[in-house]
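Trainee: One line per chain: the protein sequences are L and Y, in this order. Heads up, the first sequence is in numbering that gives the first Met the number 0, so the first residue is 0 and it goes up one at a time. Heads up, the second sequence is in numbering that gives the first Met the number 0, so the first residue is 0 and it goes up one at a time.
Quick caveat, the hints were computed from the structure, so don't treat them as lab data. Any given hint might turn out to be false.
Sample of chain Y residues at the chain L side, in silico, Cβ under 8 Å [stated by the list, open to error]:
1. S24
2. N26
3. V28
4. F118
5. L160
6. L161
7. L162
8. T170
Listed below are the simulated EDC-like cross-link pairs for lysine to aspartate or glutamate, each with C-alpha atoms no more than 16 Å apart in a straight line [unchecked claim]:
9. Y/K238 with Y/E220
10. Y/K175 with Y/E186
11. Y/K198 with Y/D169
12. Y/K238 with Y/E181
13. L/K50 with Y/E159
14. Y/K198 with L/E53
Sample of chain L residues with no beta-carbon within 10 Å of chain Y, all distances over it, derived [unchecked claim]:
15. A27
16. D34
17. R40
18. L44
19. N52
20. V61
Owing to the predicted nature of the structure, the values given are computational and were not obtained by experimental measurement. Note that the Cβ used here is the ideal one computed from N, Cα and C, for glycine as well.
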Amino acid sequence: MSRYAINSLLYHLKKDPALRARFIEDPAAAIADADLTGEERAAFLAGDMRKINELGGYLHLVMSIPKIGTHGGH
Amino acid sequence: MGDRFVERKPDALIVVADDHMNAFSFNCVPAFCVRIGKTVQRMMQDNAEAFDKVLDHMATEYVLHEELANQLLAQGMESGFDLALSWEAPIDHAFLSPVNTLLGSRPIPPLVPIFVNAFIAPQPTARRCFQFGQHIARVVAKSPWTVGLIATGGLSHFPELLLSRVGQTDTVFDRKLIHWMERGEHEPLLDLTADELHKTGSHEFLNWMVLLGAITPARAEVRYFGELPRINLAAVEWKLG
Chain L
0 MSRYAINSLL YHLKKDPALR ARFIEDPAAA IADADLTGEE RAAFLAGDMR
50 KINELGGYLH LVMSIPKIGT HGGH
Chain Y
0 MGDRFVERKP DALIVVADDH MNAFSFNCVP AFCVRIGKTV QRMMQDNAEA
50 FDKVLDHMAT EYVLHEELAN QLLAQGMESG FDLALSWEAP IDHAFLSPVN
100 TLLGSRPIPP LVPIFVNAFI APQPTARRCF QFGQHIARVV AKSPWTVGLI
150 ATGGLSHFPE LLLSRVGQTD TVFDRKLIHW MERGEHEPLL DLTADELHKT
200 GSHEFLNWMV LLGAITPARA EVRYFGELPR INLAAVEWKL G
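Just chain L, same shape as in the assembly:
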């Protein structure tokens, strides 16, 4: 369980447009250095926000990452 790593990554994806662009371009490379479990990494690579949320990603971050989050998608 690395709740901190997940949320730190979500936070930086939200706040850092350069990281976000790299993630959209090449997700695996963009998060290569993040201290994630295999399951967490797979969820990020799949862009599976529901899974990321279930693994401990805070809802408000999950919902609010531009172009990646699910906000407004309902």
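Go by the hints and put chain Y onto chain L.
Mentor: Just chain Y, lined up with the frame of chain L:
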């Protein structure tokens, strides 16, 4: 409500709300934080969410009531509330939406923003929030100022903070809270548990608890109760003195 507020010629407006991992994140998450200093910035975000975007027309900077904030802080420390303080935390829709709704184009008095950790477990208890509100009332009562107090936050929304439950609300629970507030029966609210608030998606009711502590045992006058697609909301007024 806005006209009645302005008629009282308030010297300050305390706004109790919560952060959404915007102002506070991984370096520190305070249970209660008093925003001190001379001014506060409206949070600016690229690709802001809709509820922050609607505030784009509002000023980017607001004057704070520095003396009241300092007294809340200093007297809090003296009386057992170990409060955090910030000179830099910006304020987002949680603070400015209610100010915008209440005052519209009327002048905004000097603000005292107070952050409550509503979302990141472990949060302060409902009872502790209420006690903190009582502290606010004591400080205001001793002060020479006329002070307004707003607490904000949705009623039930986002139960368990699960993406899969976004869109669900608990109207039965919300009506129970409203019922107690209308009757001025605050005792049952003190025993609300973190688990209940989490399961019903009433995390932000902690902000309301702060306000209830400040105005108890006054009865609420409900101006609006609405079940929106993703969130239940109410506008509630307490008239004192």
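Trainee: Under the constraints set out in the numbered hints, which ones does this structure not fulfil?
Mentor: Of the numbered hints, 2, 3, 8, 19 and 20 do not hold.
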